[in-house]
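**Q** Those protein sequence lines, which keep their order, are chains G and Z.
Residue numbers for the first sequence, in my numbering: 1 to 114.
Residue numbers for the second sequence, in my numbering: 1 to 850.
Hints were generated in silico from the structure; no laboratory data involved.
Check each hint, because a few of them may be wrong.
Unchecked claim - With a straight-line Cα cutoff of 30 Å, these simulated DSBU-like cross-link-like pairs (lysine-lysine) come out: (1) Lys724(Z) to Lys79(G); (2) Lys801(Z) to Lys39(G); (3) Lys79(G) to Lys139(Z); (4) Lys587(Z) to Lys793(Z); (5) Lys31(G) to Lys559(Z); (6) Lys79(G) to Lys211(Z); (7) Lys671(Z) to Lys39(G); (8) Lys389(Z) to Lys512(Z); (9) Lys711(Z) to Lys79(G); (10) Lys79(G) to Lys779(Z); (11) Lys794(Z) to Lys39(G); (12) Lys139(Z) to Lys211(Z); (13) Lys779(Z) to Lys724(Z); (14) Lys671(Z) to Lys801(Z); (15) Lys512(Z) to Lys724(Z); (16) Lys31(G) to Lys211(Z).
Predicted model only: the values in this text are computed from it and were never measured.
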Amino acid sequence: MESLVETNWTEVCNAEDIISHVGICAQLGEKQVAIFYLKDEQQIYAIDNYDPVGEANVLSRGIVGDLNGEVVVASPLYKQHYNLATGVCLEKSEVSLHCYPVRDRDGVIELGLP
Amino acid sequence: MSNQRLVVIGNGMVGHKFIERCIESGAHEWFDISVFCEEPRLAYDRVGLTGYFAGKSADDLSLTDEQFYKDHGINVFIGDKAKHIDRKNQIVRSKNGLELSYDRVVLATGSYPFVPPIPGNDQEHCFVYRTIEDLDKIKASAQGAKSGTVIGGGLLGLEAANAIKQMGLETNVVEYNNRLMAVQIDDGGGAILRKKIEQLGVGVHTGKLTKSIACGGEGRYRMEFSDETELETDLVIFSAGIRPRDSIARACDLEVGERGGIVINDYCQTSDPNIYAIGECALWRSRIFGLVAPGYDMANVTVSHLTGGAAMFTGADMSTKLKLMGVDVAGIGDSHGRTPDAISYMYTDEATEMYKKIVVSPDKKHLIGAVLVGDASDYGALLQYMQNKIELPEHPDSLILPQRDGAKSGLGVDALPDSAQICSCHNVTKGDLCKAIEDGNTDLAGLKSCTKAGTGCGGCATLVGQVLNSELKKAGVEVNNHVCEHFAYSRQELYHLIRVERISSFQELLAKHGIGRGCDICKPAIASILASCWNEYILQNDHAGLQDTNDYFMANMQKDGTYSVVPRVPGGEITPEKLIVLGEVAKKYNLYTKITGGQRIDLFGARVDQLPLIWRELVDAGFESGHAYGKSMRTVKSCVGKTWCRYGVDDSTSLAIEVEKRYRGLRSPHKLKLAVSGCTRECAEAQSKDVGIIATENGWNLYVAGNGGMKPRHADLFASDLDKETLIKYIDRFLMFYIRTADRLQRTSVWMENLEGGLDYVREVVIDDKLGIAEELEKEMAHVIGTYECEWKKTIEDEEKLKRFRHFVNSDDTDDNVVFVEERGQVRPATTEEREELLSGKKGQSWNHS
């Protein structure tokens with residue numbers, strides 16, 4: 001479904017600043033956003049950097065992987081897994097993170113603000 | 001009414017057990033108890049006496065102390081001997097002139113070694129093997145000796161032979177019977193045992209009657225045998241059996257056996273109902289029991305009888321399993337097949353030097369005896385067959401014949417009833433184990449610690465493991481040691497694949513042997529294996545994404561997302577100049593400072609962007625990464641040793657520094673902590689470490705698999721009096737063998753407890769090179785040592801890598817969620833409430849402004 005609201009894209013960094021499967025953190029206004037680029041799959045994800053369970057801005061420093069087919073990042077603090085596509089915490093389904101539009105436009109990584 | 005007076009004569013293992021039982025049952029409150037202890041020290045572990053030669057001290061062997069007796073109101077007379085019992089007046093008289101009135105007496109006088117009446121048996125270098133004093137004399141005599149001979153090839157004789165062999169003496173064993181261990185095993189087993197012991201370089205002479213011990217030519221003595229042969233030797237140890245010490249009973253006309261031993265009834269009473277006898281001095285139905293367990297039973301029975309109970313002594317099973325000079329030997333029940341019409345089955349394998357025999361009842365329904373030499377792994381199961389009278393399979397020989405082509409062994413634990421006693425030391429039945437497994441103790445270490453099974457003599461450990469596997473299988477639990485869903489392999493198997501196929505990246509391993517993308521379980525585990533094998537820089541691009549944040553930023557993440565920094569301080573030795581540098585760095589970056597248990601200084605509260613700045617200063621001052629963040633060799637703690645300490649016997653600090661520099665940067669399945677103490681006072685607490693080293697008069701003792709933390713475990717003595725070269729060689733091999741075979745996040749303690757064969761097995765691999773891999777292990781370690789470089793030094797020299805140390809990829813701002821408050825003159829992370837208050841701008845001090 002086409003989004004009804006036009007996305008405002010903000011340049012964040014170059015694709016080459018990101019190592020495949022290793023997160024980085026970007027500042028987007030007041031927000032901290034964790035970006036993960038799975039370059040071999042051409043998949044790029046962006047979620048909150050704030051871990052609501054550990055109460056710290058650390059999710060960009062988690063290890064990326066998959067569990068039962070869901071692409072996840074594990075919090076480096078207490079190891080909860082967050083689905084990178086939906087932001088939902090696998091261990092605590094009542095917890096979920098905000099997901100951000102993100103794209104690689106000709107080697108430039110851009111985050112979208114709705 | 002005043003208490004009854006109880007006099008206990010003898011304070012060996014059984015005499016002491018009797019006191020313990022009195023205390024447990026509360027009997028010590030109804031009796032005034034006095035104890036005569038003839039030896040200059042209270043009860044010690046005589047069964048483990050040989051450990052005294054392996055570096056254990058008298059204190060290590062001790063079973064109790066005077067305080068324990070005092071605390072429970074028990075009088076003990078150490079170094080005094082009960083001389084006479086005046087039964088008419090009910091008085092015990094001692095050598096030192098004490099006179100004690102009694103209501104009851106317990107004789108626990110034990111036994112003495114039998115010295116055959118051979119001319120010359122009382123010379124200066126002729127010994128027996130029973131007390132710590134005997135061992136001291138043997139030790140002193142061995143100083144100037146080249147060779148030693150043990151007369152008697154029984155269990156204790158072989159142990160003595162092993163002890164003097166270890167002291168470097170050319171060793172011979174002389175046995176009157178035609179085979180070794182004549183009591184426990186038969187000719188077939190004796191032949192295999194002999195072969196194995198000869199291979200260890202010990203001369204075995206069976207069927208020899210010693211005629212005299214004369215003056216020697218080459219050696220101190222010449223032993224002359226009745227067959228006109230001779231043997232030169234510098235010292236002689238008699239180990240030709242024991243005799244009950246019953247002279248005090250004879251002197252007061254208690255009934256004794258024809259060949260010695262104080263006659264007792266089923267309640268352990270002698271012919272005088274006020275006098276009991278327990279242990280090796282007692283004769284029950286014409287039998288003396290020369291093992292400690294039946295003596296303990298008698299102690300129980302006596303306490304029961306004294307307190308009005310009805311327990312009876314019903315005899316004891318003399319089955320034994322032991323390891324003699326590394327050879328497994330076991331005898332069960334009627335091992336000689338003396339029961340009329342008994343049928344025996346025998347299996348000999350000369351290739352692997354193994355002998356097995358079972359003796360079954362005439363109707364072939366029940367097992368009544370067995371002999372195992374070379375491989376005693378079936379001991380537990382066979383004992384169960386006998387004790388529980390389990391009906392034998394149609395072909396009883398299937399119990400000992402090798403099982404090939406996947407055929408099912410006849411010795412299934414499934415056949416055992418729930419009542420079957422698996423661990424006799426702690427009286428744990430199969431039913432107890434099943435219950436514990438049901439309650440969730442599904443690994444061997446957990447099961448052992450919950451039920452205590454297998455933690456006494458360890459003889460049943462294999463059986464416990466079999467019960468566990470069988471129960472898990474029955475419960476439908478797939479016994480699966482796969483690392484995670486991405487690799488259908490255990491950590492050990494992955495390690496092997498990486499080594500053998502020379503795989504150097506996670507992607508390559510995943511492509512060849514895994515599925516999916518990996519996860520936070522397998523990635524760090526494989527990163528660790530790659531580092532253990534190839535020791536490449538961990539921040540290399542293809543390794544970076546595998547690392548836990550601690551390894552990635554080479555610092556320890558704390559609860560607020562900041563990190564702590566722990567520079568290496570080898571051996572805990574630091575110059576004032578370096579100490580000042582640490583202080584100044586801490587001050588400059590406003591870091592909270594604390595001393596760690598591993599003798600390091602931990603600097604807390606560093607942001608990622610500060611880490612390279614901090615490390616540039618530390619590297620410039622000569623510091624290296626301390627690897628406190630990794631599953632890796634952490635610290636080698638030490639005391640100051642003989643350099644400063646009045647008691648130190650060797651230079652522990654220098655060794656600690658050398659060991660720490662050798663293994664720095666070594667990555668392993670879990671963290672590794674080491675320590676070196678300069679004497680047995682053990683100020684460095686080496687016995688709580690994965691690898692502990694303690695200086696002795698003659699070198700270094702090596703301890704392994706200790707653990708502090710959640711489940712503390714004392715390290716086991718692995719080898720003693722090593723020179724430095726051998727010590728380092730053993731540590732190399734031990735650590736590499738652990739790295740090769742442990743599960744992920746398994747400390748050495750749990751690893752060793754889960755290994756079948758445990759400590760003995762690790763010794764066989766590391767010291768005896770049973771698997772033929774010792775050289776390989778050393779080479780692998782040499783590679784890691786040779787390729788060491790400080791990760792932090794390398795990182796701060798690499799501009800590309802330094803780019804990763806920013807909080808934001810698109811800004812130089814720092815994390816505003818990190819807020820500190822002050823406590824005791826230093827910073828600490830704000831609590832949630834404090835942070836909210838501070839961030840709302842009411843007061844305070846965020847680090848951005850400090």
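**Q** Determine which of the earlier numbered hints do not hold for this structure and return their numbers in increasing order.
**A** 1, 3, 6, 7, 8, 10, 15, 16
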